[in-house]
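Visitor: If you want the building blocks of each chain, they are given just below.
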Amino acid sequence: DGGITQSPKYLFRKEGQNVTLSCEQNLNHDAMYWYRQDPGQGLRLIYYSQIVNDFQKGDIAEGYSVSREKKESFPLTVTSAQKNPTAFYLCASSNVGSVSNSPLHFGNGTRLTVT
Amino acid sequence: DAKTTQPNSMESNEEEPVHLPCNHSTISGTDYIHWYRQLPSQGPEYVIHGLTSNVNNRMASLAIAEDRKSSTLILHRATLRDAAVYYCILRDGYSGGGADGLTFGKGTHLIIQP
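Sequence order for the protein chains is A and B.
Each residue of the first sequence is one higher than the one before, starting from 1 at the first, in our numbering.
Each residue of the second sequence is one higher than the one before, starting from 1001 at the first, in our numbering.
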């Protein structure tokens, strides 16, 4: 079945360490997105990429970095510069271009806890 | 960016219809109206979307006002599994994708009573 895989489901890190969250899709989608969700809140866009080797900052990119070396993969690194990294992180993908009204497909998220 | 406004929460009884409202008074002519829902500890899932005409699919119906400044997601017969947070977002159909309008507010927390 096609879909988006985020791993791991739960991740624990010590403060000051960088951590990379994985996101892989086999939907052949061009666009991929990273969102952050805090308890009781909506989703906030961190970074997005419409094509391989290109990505743009979203609303809350500070303290995060991404890469898009392959169409299927869009890993997110939470750096030590991110002041409040504990959150639920969601990856999504979609088609672009002539089907730009196409829906977003989400993974099931990674819950990151930094202590 | 055009924004949406939804009630924080709504309650309904099982097996009754549910009407979830969304206001988007600054919608542009090329914005599509998308609805997603999110179950606890899961990623959001797509429900339905439309531009001007009402839309139906196996999950729900979408009623769009004639002036497009509001819309209503209709669950015809709610079940306990429909208890979730429902998000109404606008997506620009002209910009070729990207992140235009992909802002998820807090959504509506739908509570279903047995």
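Honestly, I wouldn't trust all of these hints.
[Claimed, not checked] Derived pair list, reagent style BS3-like, types lysine-lysine, alpha-carbon separation capped at 30 angstroms:
no., chain 1, residue 1, chain 2, residue 2
1, B, Lys1069, A, Lys83
2, B, Lys1069, A, Lys9
3, B, Lys1069, A, Lys71
4, A, Lys83, B, Lys1106
5, A, Lys83, A, Lys57
Bear in mind the hints are in silico, worked out from the structure with no lab data behind them.
In this text, all values refer to a predicted model and were calculated from it rather than measured experimentally.
Visitor: All the hints need checking, so say for each whether the structure fits it.
Guide: Verification of the supplied hints:
1. B:Lys1069 x A:Lys83: The given pair, whose Cα atoms are some 38 angstroms apart, is violated under the 30 angstroms limit.
2. B:Lys1069 x A:Lys9: violated, 38 angstroms
3. B:Lys1069 x A:Lys71: The given pair, whose Cα atoms are some 36 angstroms apart, is violated under the 30 angstroms limit.
4. A:Lys83 x B:Lys1106: Roughly 22 angstroms between the alpha carbons, so the hint for Lys83 of chain A and Lys1106 of chain B holds.
5. A:Lys83 x A:Lys57: holds, 17 angstroms
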